[in-house]
Amino acid sequence: MASLSLVGRLTMAFKIDRAKCVGCGACAYICLFGAVMPAKVDCSSYKIDETKCVECSQCSHICPNDAIISPEGYKKIKSVTINTDACKGCSLCSRNCKAGAITGKVKEPFVINQEKCFKCGVCATKCRFDAISVEYF
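Counting in this note's numbering, the sequence shown runs from 153 upward without gaps.
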């Protein structure tokens with residue numbers, strides 16, 4: 153497993169093909185990062201704010217029309233794990249986990265509930281101790 157650096161990934165972002173978008177809003181509903189919003193006042197199509205998109209791909213999974221386009225070179229995350237020997241229990245990962253998948257006690261190693269984790273990798277970008285590893289497909 154390689155340590156994750158999302159610095160380059162955060163600037164790429166998913167895009168919405170407005171010709172395919174039917175304006176159902178499912179992508180906006182599922183996005184926990186507030187990156188998806190109406191492109192028009194009447195909500196007939198949506199757009200993705202590249203500065204907020206963390207490439208978790210939840211919007212693309214829910215889109216009924218396959219209107220969400222992944223960035224060139226996008227690698228889907230297979231797993232996110234915490235090295236309990238390296239984790240200092242600072243809680244930054246947990247406080248930034250929108251899925252609520254990371255739990256623990258301050259000053260003790262945190263753990264990731266793999267069933268809740270939707271593998272966006274944000275926790276790895278927040279970890280100051282390089283204790284979170286990400287594996288790609």
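Derived by calculation from the structure, the hints in this document are not laboratory data. Just so you know, even glycine gets a beta-carbon here, dropped at the ideal spot from N, CA and C. Hints are not guaranteed to be accurate.
[What the hints assert, rightly or not] List of simulated lysine-lysine pairs, PhoX-like, C-alpha gap at most 25 Å: (1) Lys278 <-> Lys228; (2) Lys278 <-> Lys240; (3) Lys278 <-> Lys204; (4) Lys228 <-> Lys192; (5) Lys278 <-> Lys250; (6) Lys167 <-> Lys257; (7) Lys250 <-> Lys228; (8) Lys240 <-> Lys250; (9) Lys199 <-> Lys240; (10) Lys199 <-> Lys167; (11) Lys230 <-> Lys250; (12) Lys250 <-> Lys227; (13) Lys172 <-> Lys199; (14) Lys228 <-> Lys257; (15) Lys259 <-> Lys167; (16) Lys278 <-> Lys257; (17) Lys228 <-> Lys259; (18) Lys230 <-> Lys204; (19) Lys167 <-> Lys227; (20) Lys167 <-> Lys240; (21) Lys228 <-> Lys268; (22) Lys172 <-> Lys250; (23) Lys204 <-> Lys268; (24) Lys268 <-> Lys240; (25) Lys230 <-> Lys278; (26) Lys204 <-> Lys257; (27) Lys199 <-> Lys250; (28) Lys172 <-> Lys204; (29) Lys268 <-> Lys227; (30) Lys268 <-> Lys230; (31) Lys240 <-> Lys172; (32) Lys227 <-> Lys259; (33) Lys228 <-> Lys204; (34) Lys204 <-> Lys192.
[Stated by the list, open to error] Restraint ranges, calculated between C-beta atoms of paired labels, are given here: (35) Met164 <-> Thr255: 28 to 34 Å; (36) Ala171 <-> Glu202: 28 to 34 Å; (37) Asp194 <-> Asp237: 51 to 57 Å; (38) Lys259 <-> Val174: 27 to 33 Å; (39) Asp237 <-> Asp201: 19 to 25 Å; (40) Lys227 <-> Ala171: 37 to 43 Å.
For each hint, the structure was consulted:
no., hint, result
1, Lys278 <-> Lys228, "19 Å, holds"
2, Lys278 <-> Lys240, "13 Å, holds"
3, Lys278 <-> Lys204, "15 Å, holds"
4, Lys228 <-> Lys192, "30 Å, violated"
5, Lys278 <-> Lys250, "13 Å, holds"
6, Lys167 <-> Lys257, "38 Å, violated"
7, Lys250 <-> Lys228, "18 Å, holds"
8, Lys240 <-> Lys250, "21 Å, holds"
9, Lys199 <-> Lys240, "38 Å, violated"
10, Lys199 <-> Lys167, "7 Å, holds"
11, Lys230 <-> Lys250, "18 Å, holds"
12, Lys250 <-> Lys227, "20 Å, holds"
13, Lys172 <-> Lys199, "12 Å, holds"
14, Lys228 <-> Lys257, "30 Å, violated"
15, Lys259 <-> Lys167, "39 Å, violated"
16, Lys278 <-> Lys257, "17 Å, holds"
17, Lys228 <-> Lys259, "31 Å, violated"
18, Lys230 <-> Lys204, "22 Å, holds"
19, Lys167 <-> Lys227, "15 Å, holds"
20, Lys167 <-> Lys240, "37 Å, violated"
21, Lys228 <-> Lys268, "17 Å, holds"
22, Lys172 <-> Lys250, "28 Å, violated"
23, Lys204 <-> Lys268, "21 Å, holds"
24, Lys268 <-> Lys240, "22 Å, holds"
25, Lys230 <-> Lys278, "19 Å, holds"
26, Lys204 <-> Lys257, "29 Å, violated"
27, Lys199 <-> Lys250, "21 Å, holds"
28, Lys172 <-> Lys204, "22 Å, holds"
29, Lys268 <-> Lys227, "20 Å, holds"
30, Lys268 <-> Lys230, "14 Å, holds"
31, Lys240 <-> Lys172, "46 Å, violated"
32, Lys227 <-> Lys259, "32 Å, violated"
33, Lys228 <-> Lys204, "18 Å, holds"
34, Lys204 <-> Lys192, "19 Å, holds"
35, Met164 <-> Thr255: 28 to 34 Å, "30 Å, holds"
36, Ala171 <-> Glu202: 28 to 34 Å, "19 Å, violated"
37, Asp194 <-> Asp237: 51 to 57 Å, "54 Å, holds"
38, Lys259 <-> Val174: 27 to 33 Å, "49 Å, violated"
39, Asp237 <-> Asp201: 19 to 25 Å, "37 Å, violated"
40, Lys227 <-> Ala171: 37 to 43 Å, "26 Å, violated"
In the structure shown, a violation is registered for the earlier hints numbered 4, 6, 9, 14, 15, 17, 20, 22, 26, 31, 32, 36, 38, 39 and 40, in ascending order.
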